[in-house]
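63 is the number that the UniProt record's numbering gives to position 63 of the sequence shown; each next residue is one higher, with no gaps.
Derived from the structure by calculation, the hints contain no laboratory data. The model shown is predicted, which means the values in this text are computed figures rather than measured ones. From the three backbone atoms N, C-alpha and C, an ideal C-beta is built for every residue, glycine too. Check each hint, because a few of them may be wrong.
Stated by the list, open to error - In silico lysine to aspartate or glutamate, EDC-like type, Cα no more than 20 Å apart, as pairs:
{"hint": "1", "residue 1": "K8", "residue 2": "E34"}
{"hint": "2", "residue 1": "K6", "residue 2": "E35"}
{"hint": "3", "residue 1": "K6", "residue 2": "E51"}
Said to hold, decoys possible - Listed next, with one range per pair, are the computed distances between beta-carbon atoms:
{"hint": "4", "residue 1": "K6", "residue 2": "N26", "range": "29 to 37 Å"}
{"hint": "5", "residue 1": "G7", "residue 2": "E51", "range": "31 to 39 Å"}
{"hint": "6", "residue 1": "E51", "residue 2": "K6", "range": "28 to 36 Å"}
{"hint": "7", "residue 1": "L55", "residue 2": "K6", "range": "31 to 39 Å"}
{"hint": "8", "residue 1": "G16", "residue 2": "A65", "range": "30 to 38 Å"}
{"hint": "9", "residue 1": "Y19", "residue 2": "N66", "range": "13 to 21 Å"}
{"hint": "10", "residue 1": "Q40", "residue 2": "C1", "range": "19 to 27 Å"}
{"hint": "11", "residue 1": "F67", "residue 2": "G2", "range": "15 to 23 Å"}
{"hint": "12", "residue 1": "G20", "residue 2": "D59", "range": "24 to 32 Å"}
{"hint": "13", "residue 1": "N9", "residue 2": "E50", "range": "26 to 34 Å"}
{"hint": "14", "residue 1": "D53", "residue 2": "V30", "range": "14 to 22 Å"}
{"hint": "15", "residue 1": "G7", "residue 2": "H61", "range": "32 to 40 Å"}
{"hint": "16", "residue 1": "Y19", "residue 2": "L55", "range": "13 to 21 Å"}
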Amino acid sequence: CGGTLKGKNGTIESPGFPYGYPNGANCTWVIVAEEGNRIQIVFQSFAVEEEYDFLSLYDGHPHPANFRTRQV
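All chains, please: the whole structure from these sequences, using the hints.
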């Protein structure tokens, strides 16, 4: 799962949504905005399995200097 989103809006879903997702799923999404634009992320539904799952957001390439969230 994963991919690249371009354009003014889009939807990201885990495999099998709205049902459970497979063990070991590792999804990477890249959201591309034009220079000078901002990206807004809105969660309609969000649940993770404690101790196993997390969400990370980066501004740019996945590098510690670009990290923008705490582990959720």
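Quiz prompt | Verdict for G7, E51 (Cβ pair) under range 31 to 39 Å | solution = Hint holds: Cβ distance 35 Å, inside 31 to 39 Å.
Practice problem: Could you check the hint for me, namely that G20 and D59 are 24 to 32 Å apart, CB to CB? | Solution: For D59 against G20, whose Cβ atoms are near 30 Å apart, the range 24 to 32 Å holds.
Exercise. For the range 15 to 23 Å, tell me whether the beta carbons of F67 and G2 fit it or not.
Key: Given a distance of about 18 Å, which is inside 15 to 23 Å, the answer is holds.
Quiz item: When you check the alpha-carbon spacing of K6 and E51, does it fall within 20 Å?
Solution: Cα-Cα ~32 Å, so violated.
Quiz item: Is 13 to 21 Å right for how far apart the beta carbons of Y19 and N66 are?
Solution: Since Y19 and N66 have Cβ atoms about 32 Å apart, the given range 13 to 21 Å is violated.
Exercise. Using the beta carbons of G16 and A65, state whether their distance is inside 30 to 38 Å or not.
Key: holds (34 Å)
Practice problem: For the range 31 to 39 Å, tell me whether the beta carbons of L55 and K6 fit it or not. | Solution: violated (21 Å)
Quiz item: Regarding D53 and V30, is the given constraint of 14 to 22 Å on their beta-carbon distance met?
Solution: Given a distance of about 20 Å, which is inside 14 to 22 Å, the answer is holds.
Quiz prompt | K6 and E51 - C-beta distance against the hinted 28 to 36 Å | solution = Hint holds: Cβ distance 34 Å, inside 28 to 36 Å.
Quiz item: Holds or violated: 32 to 40 Å for the Cβ distance of G7 and H61?
Solution: With a Cβ separation near 21 Å, G7 and H61 fall outside 32 to 40 Å, so the hint is violated.
Quiz item: Under the criterion that the straight-line Cα-Cα distance not exceed 20 Å, is the pair K6, E35 satisfied?
Solution: It holds: about 12 Å lies between the C-alpha atoms, which stays within 20 Å.
Quiz item: Regarding Y19 and L55, is the given constraint of 13 to 21 Å on their beta-carbon distance met?
Solution: Since Y19 and L55 have Cβ atoms about 19 Å apart, the given range 13 to 21 Å holds.
When each numbered hint is compared with the structure, violations occur for hints 3, 4, 7, 9 and 15.
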